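2 protein chains.
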Amino acid sequence: MKQSSSSAFRSGSDFEEAMASRVRSPDLASDMITKLRAAGLRPTRTRVALSSLLFAKGDRHVTAEMLFEEANQAEVSVSLATVYNTLHQFTEVGLLCQVAVDGSRAYFDTNNTKHHHFYIEDRHELIDISPTNMNVGKVPVPPDGYEIFRIDVVVRLRRK
Amino acid sequence: MKQSSSSAFRSGSDFEEAMASRVRSPDLASDMITKLRAAGLRPTRTRVALSSLLFAKGDRHVTAEMLFEEANQAEVSVSLATVYNTLHQFTEVGLLCQVAVDGSRAYFDTNNTKHHHFYIEDRHELIDISPTNMNVGKVPVPPDGYEIFRIDVVVRLRRK
DNA sequence: ATTTGTGCAAATCGTTTGCATCTGA
DNA sequence: TCAGATGCAAACGATTTGCACAAAT
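One line per chain: the protein sequences are A and B, in this order.
Heads up, the numbering used here is the position in the first sequence plus 204, with the first residue counted as 1.
Heads up, the numbering used here is the position in the second sequence plus 204, with the first residue counted as 1.
Treat the hints as calculated values from the structure; they're not laboratory data.
Here the structure is a predicted model, which means the values were calculated and not measured.
A couple of the hints might just be wrong.
Identical copies look the same in the list; a pair holds intra-copy or inter-copy alike.
Claimed, not checked - Each computed BS3-like pair below joins lysine-lysine, with the alpha-carbon atoms no more than 30 Å apart:
id	residue 1	residue 2
1	261	342
2	239	261
3	318	364
4	318	261
5	342	318
6	318	239
Whenever a hint applies, use it, and build me the whole structure from the sequences.
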């Protein structure tokens, strides 16, 4: 899994050092570089920094605004526009998936395996539901010419 | 069910005539007046006109923009803001329900019974799925202090 | 060197709000 | 009469885009 950081990029570059200084663990950065390369994205500083934030702490559900604040506080300064662009790029290559629950904001989920969600409306908070704990029964046949590519289940919660 | 139109509102009013002239069938208008009154909303011209459009043709999934165009073409001129307000009022009193599938637009569904949806992404189109044809299995217990008030299932479709 | 990404500000889109005016009970 | 609705325009928040600059291969 983990590999020596030098294996992930060209030697003699100060890219490695620059990257390492931006995140807590140099190993994390190199993991991210590997991950980005595997996804076909060039591992730029911004992408490495953002993916480190996103993927370091297990499953997360973030809005662009949330990630933007997090990044600007602790890491490289990024513009909000770039955060949006990056989140969409990550989504396109399958590193993230987008969850439509709120209408007003877009949530991005670092868990890209099949699963569902609780949505706590008054806290604007998402919680994963493993497909083990909840599965959808029979699904009707889609209209002609179309196929199912995803099934989203949102269990909406309110304070008792 | 249906009742004579004069029974629905004060006699001597030209409200009835005005309403009747705005929709194909005066009976439809009076049905709408009844429906609105039952929901605790005053049957104003705008509300009667919009509800006639919404509820005359069976189950529909509309955006504010769609209803706005429809109304302005065929009926009383309404402002887009009023369409939004009216859709929300209808939702609050349970005549409509709001479906969050697209993130960018809000859809309003005239079917307010429990059911699910196909969502055809490339056409931005919703199709009802009766709960008879699809049901969700066991649902995990919600976190403490919260209760489930709705479960949304969206089956996303793509062209084959 | 060439291609690809980034920052910024301005543009856009859907939606909401404030307020003066109108209308139904 | 008078609370409640409506229209309009302006305000708004989230997201996207255009373009000059910077960085990665």
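These are the hints, each one checked on the structure:
Taking identical chains as interchangeable, the C-alpha atoms of residue 261 and residue 342 lie at most 30 Å apart only when they sit on different chains, with a minimum of 29 Å there against 35 Å within one chain. With identical chains, the CA atoms of residue 239 and residue 261 are at most 30 Å apart within one copy only, with a shortest distance of 15 Å there and 51 Å across copies. When the C-alpha separation of residue 318 and residue 364 is checked against a cutoff of 30 Å, the pair qualifies both within a copy, at 29 Å, and between copies, at 21 Å. For a Cα distance limit of 30 Å, the shortest separation of residue 318 from residue 261 inside one copy, 19 Å, qualifies, whereas the shortest one across copies, 37 Å, does not.
Both within a single protomer and between protomers do residue 342 and residue 318 lie at most 30 Å apart by alpha-carbon distance, with minima of 16 Å and 17 Å respectively. With identical chains, the CA atoms of residue 318 and residue 239 are at most 30 Å apart within one copy only, with a shortest distance of 20 Å there and 42 Å across copies.
Of the numbered hints listed earlier, not one is contradicted by the structure.
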